[in-house]
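Chemist: In order, the protein sequences belong to chains A and B. Just remember that this note's numbering sits 73 ahead of the position in the first sequence, which is counted from 1. Just remember that this note's numbering sits 16 ahead of the position in the second sequence, which is counted from 1.
To be clear, the hints were calculated from the coordinates, so they are not data collected in a lab. One or more of the hints may lead you astray.
As the list claims (entries may be wrong) - Examples of chain A residues lying across from chain B (beta carbon under 10 Å, computed):
(1) Glu120
(2) Ser121
(3) Gln122
(4) Ser154
(5) Glu222
(6) Arg312
(7) Leu319
Said to hold, decoys possible - Label-pair distances were calculated between CB atoms; the ranges are:
(8) Ala31/B <-> Ala307/A: 26 to 32 Å
(9) Glu66/B <-> Val256/A: 17 to 23 Å
(10) Gly210/A <-> Glu66/B: 28 to 34 Å
(11) Glu222/A <-> Leu56/B: 35 to 41 Å
(12) Glu82/B <-> Arg298/A: 41 to 47 Å
(13) Phe462/A <-> Glu79/B: 46 to 52 Å
(14) Asp89/B <-> Asn390/A: 51 to 57 Å
(15) Glu226/A <-> Glu79/B: 36 to 42 Å
(16) Glu51/B <-> Asn390/A: 50 to 56 Å
(17) Leu389/A <-> Ala31/B: 48 to 54 Å
(18) Asp663/A <-> Leu56/B: 51 to 57 Å
(19) Leu56/B <-> Pro82/A: 27 to 33 Å
(20) Ser100/A <-> Glu51/B: 17 to 23 Å
Stated by the list, open to error - Far from chain B, by Cβ distances over 10 Å, these chain A residues were calculated:
(21) Ser375
(22) Gln554
(23) Asp663
Where is the CB? At the ideal position from N, CA and C, for every residue including glycine.
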Amino acid sequence: MFREMSWLPAAPADIRDQIKALGAAASAGEADSAARLDRIATYRLDESQLSKLGRIALSSPIASGHLAALKIGLIGDGTLSLLAAPLVGSGVRHGLLLDVMVGHYNAAVQQVTDPNDPLHTSGLDMVFLGLDRRIMGLDDPALAPGEAEARVEAALARVKMIVAALKPSIRGPVLVQSLPLPVEALFGSYDRVEGGSPISMTERFNQSLVEMARAGDIVLVDIGRLAATIGAEAWDDPRHWHASKLSFAPDLIPLFCDIVARTIATVKGRSKKALVLDLDNTLWGGVIGDDGVEGIVLGQGSSTGEAFLAIQRMALNLRERGIVLAVCSKNEEATARIPFAEHPEMLLKDQHIAVFQANWTDKATNLRAIAQALNIGVDALVFMDDNPFEREQVRSALPAVAVPEMPEDPAHYPRIIAAAGYFDTVTFTAEDRERAAQYQANAERASMLASAGDLSSYLKSLDMVCTIGPVDRLTRPRVAQLINKSNQFNLTTRRYTEQELAAMESDPRLHLVQVRLADRLGDNGIISVLIARDNGDTWDIDTWLMSCRVLGRDVEQAVLSHLVEAARRAGAKWLVGEYLPTKKNVIVVDHYAKLGFEPAGAAGDGGTRWQLPLEDYRVPDLPMNIIDSVLSVSREKAA
Amino acid sequence: MNDEAILERLQEIMADVFDEDDLVVTRDTTAEDVEEWDSLSHIRLMVAIEREFNVKFTNAEIESLESVGDLVDKLKAKTS
Numbered sequence: 074m075f076r077e078m079s080w081l082p083a084a085p086a087d088i089r090d091q092i093k094a095l096g097a098a099a100s101a102g103e104a105d106s107a108a109r110l111d112r113i114a115t116y117r118l119d120e121s122q123l124s125k126l127g128r129i130a131l132s133s134p135i136a137s138g139h140l141a142a143l144k145i146g147l148i149g150d151g152t153l154s155l156l157a158a159p160l161v162g163s164g165v166r167h168g169l170l171l172d173v174m175v176g177h178y179n180a181a182v183q184q185v186t187d188p189n190d191p192l193h194t195s196g197l198d199m200v201f202l203g204l205d206r207r208i209m210g211l212d213d214p215a216l217a218p219g220e221a222e223a224r225v226e227a228a229l230a231r232v233k234m235i236v237a238a239l240k241p242s243i244r245g246p247v248l249v250q251s252l253p254l255p256v257e258a259l260f261g262s263y264d265r266v267e268g269g270s271p272i273s274m275t276e277r278f279n280q281s282l283v284e285m286a287r288a289g290d291i292v293l294v295d296i297g298r299l300a301a302t303i304g305a306e307a308w309d310d311p312r313h314w315h316a317s318k319l320s321f322a323p324d325l326i327p328l329f330c331d332i333v334a335r336t337i338a339t340v341k342g343r344s345k346k347a348l349v350l351d352l353d354n355t356l357w358g359g360v361i362g363d364d365g366v367e368g369i370v371l372g373q374g375s376s377t378g379e380a381f382l383a384i385q386r387m388a389l390n391l392r393e394r395g396i397v398l399a400v401c402s403k404n405e406e407a408t409a410r411i412p413f414a415e416h417p418e419m420l421l422k423d424q425h426i427a428v429f430q431a432n433w434t435d436k437a438t439n440l441r442a443i444a445q446a447l448n449i450g451v452d453a454l455v456f457m458d459d460n461p462f463e464r465e466q467v468r469s470a471l472p473a474v475a476v477p478e479m480p481e482d483p484a485h486y487p488r489i490i491a492a493a494g495y496f497d498t499v500t501f502t503a504e505d506r507e508r509a510a511q512y513q514a515n516a517e518r519a520s521m522l523a524s525a526g527d528l529s530s531y532l533k534s535l536d537m538v539c540t541i542g543p544v545d546r547l548t549r550p551r552v553a554q555l556i557n558k559s560n561q562f563n564l565t566t567r568r569y570t571e572q573e574l575a576a577m578e579s580d581p582r583l584h585l586v587q588v589r590l591a592d593r594l595g596d597n598g599i600i601s602v603l604i605a606r607d608n609g610d611t612w613d614i615d616t617w618l619m620s621c622r623v624l625g626r627d628v629e630q631a632v633l634s635h636l637v638e639a640a641r642r643a644g645a646k647w648l649v650g651e652y653l654p655t656k657k658n659v660i661v662v663d664h665y666a667k668l669g670f671e672p673a674g675a676a677g678d679g680g681t682r683w684q685l686p687l688e689d690y691r692v693p694d695l696p697m698n699i700i701d702s703v704l705s706v707s708r709e710k711a712a
Numbered sequence: 017m018n019d020e021a022i023l024e025r026l027q028e029i030m031a032d033v034f035d036e037d038d039l040v041v042t043r044d045t046t047a048e049d050v051e052e053w054d055s056l057s058h059i060r061l062m063v064a065i066e067r068e069f070n071v072k073f074t075n076a077e078i079e080s081l082e083s084v085g086d087l088v089d090k091l092k093a094k095t096s
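Use the sequences and the hints to build the structure in full.
Modeler: Take a look at the structure:
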């Protein structure tokens with residue numbers, strides 16, 4: 074499944090012509106070519122097809138509108154240039170337009186130590202470091218005392234040196250691959266015992282990479298584990314190493330590139346957030362409307378029933394790590410809910426499902442409704458359905474939704490979801506753990522509002538507590554995550570890494586705060602970040618962003634009241650803010666006007682500038698309690 | 017498969033790999049004749065041929081290839 078990339082639908086027989094036609098349409102600037110590009114990228118393509126798709130995406134303006142443009146360096150061991158073009162095509166599949174710069178053959182160290190090398194001067198966003206144990210000196214046994222340790226240390230020192238040299242000149246992280254284990258053992262089973270065997274050294278090296286990733290120095294791309302999953306023998310084809318110094322069998326290039334592109338997308342915050350499940354023959358065997366709650370197949374005692382239990386367990390495990398679950402089924406809602414309430418073997422219960430859409434409308438419409446209720450884009454959804462017709466309908470109506478091909482046997486469903494890697498991540502924070510519950514609470518809030526009608530009394534009924542605190546070592550990872558992921562409610566879209574934030578925290582002229590919001594339905598965690606610079610009479614707002622989960626809850630008013638108070642205490646007279654437009658932040662075009670700022674001319678890149686005289690500002694009534702640990706004040710919500 | 021059919025499929029694969037839609041190849045075509053045919057695209061070509069014809073070459077076989085005609089002969093031997 075991994076090797077064949079079976080979650081992707083097979084390319085249609087006329088794929089060659091489709092790609093050719095797309096190339097012509099794209100250079101003619103035809104309006105639908107962006108959608109066609111997206112659609113073709115979802116197919117299972119070979120490395121030539123991926124390369125062609127990548128060339129089309131890069132050479133025509135169609136792709137730049139909806140794909141995130143990134144400059145990626147590709148450096149390391151062996152022939153990496155074969156990966157460049159297919160990596161661009163794989164990037165399209167993950168919403169990226171990758172401008173790939175390939176390093177010279179086996180010259181990573183030379184290049185990174187030259188400050189004038191393009192790797193330093195091109196403004197790269199990320200670098201992928203591809204490694205091969207044969208180049209790293211881990212392929213020959215090191216049997217003399219102390220030799221193995223020295224070899225692993227040297228291999229690691231080289232990686233650390235490359236990473237450290239690149240850090241100052243690239244915006245994002247260095248992605249480093251782990252090593253597949255060699256196929257040919259020297260001693261047999263004893264290779265694991267003997268520390269100087271290539272297998273033992275490779276394992277030790279991989280373990281050290283894991284520690285670097287844990288410390289936040291690199292992002293790990295676990296090629297070692299992927300190779301083990303596929304089979305080391307299938308991964309490692311010595312013919313191609315000897316002939317062309319390609320580290321792995323070339324038929325795996327599309328898979329390799331997909332994993333790298335997927336990881337890049339994850340770093341950019343483009344991973345999926347919700348798993349939407351069909352019911353009949355997806356969560357249980359049979360049709361609830363026909364077979365009744367006694368007739369559906371689920372639970373111990375039958376192999377099919379156990380397979381469906383395993384699917385539910387997979388969904389629950391994903392929820393546990395923060396993935397939101399929703400249901401989208403063609404059924405009467407009352408009927409569809411019966412197993413959740415009554416079937417004794419059901420692992421999934423009502424309270425695990427954030428949005429439950431059971432009706433007879435088409436699924437694409439329902440998926441749109443689910444995304445809206447959760448306040449996320451349809452491109453954050455994965456839709457799992459055993460029915461090929463429904464899958465196809467969703468794919469053609471909403472190509473942004475990830476719709477995996479499902480295997481014949483439900484026993485393989487959990488594996489296909491894992492193989493596709495939709496929910497791959499590069500960090501895991503306490504907020505992530507709570508996220509599923511938060512989105513669910515959001516959906517509930519939305520339905521409460523629908524019944525309550527009056528917004529301000531609804532907001533007061535939520536018992537919101539807004540906590541404003543400093544950015545510090547503990548909150549920094551989540552703050553960095555928000556700074557790099559928030560696109561919509563983000564006035565300036567300035568990105569900072571954790572390292573940059575750490576430096577900014579100790580600058581006395583910078584005022585950095587993070588804002589949490591809790592209410593009686595749950596804790597949303599850190600949802601807003603503000604960075605302002607004290608320039609004497611004026612305070613300039615460098616960054617103001619907020620998670621869209623808490624839109625329309627007056628958090629921005631609370632943040633402004635904090636900022637005004639902080640600026641007043643420092644003796645300032647004005648607050649100055651800027652709105653810098655991007656494709657995604659039109660939602661905040663009137664942010665400052667709404668908060669009572671006066672227009673103050675233009676800002677760079679078509680933006681606007683706004684100012685607020687501090688003496689005129691009065692704190693409005695807010696529907697929340699505020700606990701401000703930065704200014705050591707707290708305020709009760711308005712009665 | 018006869019020479020003709022093999023050559024026709026090869027032409028299609030090579031047009032794909034070298035991204036040259038109107039590429040025409042004969043038995044006498046060599047890497048010299050195709051602008052895009054360098055050591056890197058050669059690897060991609062071999063991979064594509066192995067996949068399309070479901071065969072494997074040894075490196076010695078690949079090194080001994082001088083022209084498209086050699087390739088046709090090798091493929092004919094392996095697929096019959």
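Chemist: Would you mind marking each hint as holding or not holding in the structure?
Modeler: Here is what the structure says about each hint:
1. Glu120: Nearest chain B Cβ about 7 Å off; hint holds.
2. Ser121: holds (5 Å)
3. Gln122: holds (8 Å)
4. Ser154: holds (6 Å)
5. Glu222: Nearest chain B Cβ about 35 Å off; hint violated.
6. Arg312: This interface hint holds because 6 Å falls under the 10 Å limit.
7. Leu319: holds (7 Å)
8. Ala31/B <-> Ala307/A: 26 to 32 Å: Distance hint for Ala31/B, Ala307/A holds at roughly 29 Å.
9. Glu66/B <-> Val256/A: 17 to 23 Å: holds (20 Å)
10. Gly210/A <-> Glu66/B: 28 to 34 Å: Because 31 Å falls inside the window, the suggested range holds.
11. Glu222/A <-> Leu56/B: 35 to 41 Å: holds (38 Å)
12. Glu82/B <-> Arg298/A: 41 to 47 Å: At 42 Å between Cβs, range holds.
13. Phe462/A <-> Glu79/B: 46 to 52 Å: holds (51 Å)
14. Asp89/B <-> Asn390/A: 51 to 57 Å: For Asn390/A against Asp89/B, whose Cβ atoms are near 55 Å apart, the range 51 to 57 Å holds.
15. Glu226/A <-> Glu79/B: 36 to 42 Å: Roughly 38 Å apart at Cβ, these two residues keep to the hinted range, so it holds.
16. Glu51/B <-> Asn390/A: 50 to 56 Å: Holds: the Cβ-Cβ distance is about 53 Å, inside 50 to 56 Å.
17. Leu389/A <-> Ala31/B: 48 to 54 Å: Because 50 Å falls inside the window, the suggested range holds.
18. Asp663/A <-> Leu56/B: 51 to 57 Å: Check passed, 52 Å falls within 51 to 57 Å.
19. Leu56/B <-> Pro82/A: 27 to 33 Å: holds (29 Å)
20. Ser100/A <-> Glu51/B: 17 to 23 Å: Since Ser100/A and Glu51/B have Cβ atoms about 21 Å apart, the given range 17 to 23 Å holds.
21. Ser375: holds (39 Å)
22. Gln554: Check passes; 38 Å lies beyond 10 Å.
23. Asp663: holds (48 Å)
In terms of the numbered hints stated before, the structure departs from hint 5 and from no other.
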